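**Q** Here's the letter readout for the chains.
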Amino acid sequence: AQSVAQPEDQVNVAEGNPLTVKCTYSVSGNPYLFWYVQYPNRGLQFLLKYITGDNLVKGSYGFEAEFNKSQTSFHLKKPSALVSDSALYFCAVSLYSGGGADGLTFGKGTHLIIQP
Amino acid sequence: DGGITQSPKYLFRKEGQNVTLSCEQNLNHDAMYWYRQDPGQGLRLIYYSQIVNDFQKGDIAEGYSVSREKKESFPLTVTSAQKNPTAFYLCASSRQAGGSYNEQFFGPGTRLTVL
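In order, the protein sequence lines correspond to chains A and B.
For the first sequence, our numbering begins at 1 and goes up steadily by one.
For the second sequence, our numbering begins at 1 and goes up steadily by one.
These are calculated hints, taken from the structure and not from any lab test.
In this text the structure is predicted, and so the values were computed from the model without any measurement.
Hints are supplied without guarantee of correctness; some may be wrong.
As the list claims (entries may be wrong) - Cross-link-like lysine-lysine pairs, in silico, DSS-like; alpha carbons within 30 angstroms at most: (1) A/49 with B/70; (2) B/83 with A/108; (3) A/49 with B/9; (4) B/71 with A/49; (5) B/9 with A/108.
Same shape as in the complex, but just chain B:
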């Protein structure tokens, strides 16, 4: 059963703590993405990666970090520098790094709440 998994589904964090969100895909996709969703604001791109060991900042990368050590995995760390981290985080992947016309497949999301 192919797809994208994100864990955990719900995550609670105290202020000042770093937290890592997991994203794994078994679709053999080259490109992976992280988006943040806030009510009424749509999705905004945090980071993306076209190949292993390479990634680029998106529109709102400040306070976040990523790694891409394996093709299947693209974890996102929300650091204490992120001013307003409470949001719904979505991971996605797409088939071909060379083509921005390929549709993205999304995971089920992680809802992060800072207490």
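Okay, chain A solo, but in the shape it has when bound:
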């Protein structure tokens, strides 16, 4: 069975500072990894994904994530935080099943709070 861990319920960062939201995963195979963001009472918005190739993935709104196979991690990063980045962030994993799209396994989410 696959699983995702987001060890921090909340991350606080001052505006303009770099931010990191942590994610580790456990799968028996090669993972596909995703980051999504959710604003209050809204659906999820896709930020970026890792499928294969370059370990550093760039996504929407200046976010990036680094895939580290030896540490089974996929941390989300941004060089300079904005107050508007404050939201709930989810890491998710899927696994190639050979048969089709099987749905995502999500972490529990991390609240990111950017302080002015």
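Based on the hints, put chain B in the right spot on chain A.
**A** Quick look at chain B alone, frame taken from chain A:
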């Protein structure tokens, strides 16, 4: 304007009643999904469908049912057998049934409250 619509946005149900949540997409996506979100638990997969007239159970299918009669529509019924139905329900779709590497697009969600 392409996207996924869910209705209603808020839904109230009395105990013992079945209720159906609507999900429609005009993205021409093959695969559709239903997730349930509870505070502090992330999203959990209820059902998913890769093609019309076919669907599979996810991790928490008990007390729920779905149908996929049209490519655009994937309604979810919350039955009276679901022990704790109060939650935020999210529908999603993705581009290609053959690829679990495709990102999913989410609707705005339906908040169900059992009175």
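**Q** Now tell me, hint by hint, if it's right for this structure.
**A** Hint by hint, here is what the structure shows:
Restraint check for residue 49 of chain A and residue 70 of chain B: satisfied, since their Cα atoms lie roughly 29 angstroms apart, inside the 30 angstroms limit. Of the pairs offered as hints, the one joining residue 83 of chain B and residue 108 of chain A holds, with about 22 angstroms between alpha carbons and a cut-off of 30 angstroms not exceeded. At most 30 angstroms may separate the alpha-carbon atoms for a hinted pair to count; residue 49 of chain A and residue 9 of chain B meet this at roughly 29 angstroms. As the CA atoms of residue 71 of chain B and residue 49 of chain A are separated by approximately 26 angstroms, the hinted pair is consistent with the 30 angstroms bound.
Taking the CA atoms of residue 9 of chain B and residue 108 of chain A, the gap is near 23 angstroms; set against the 30 angstroms cutoff, the hint holds.
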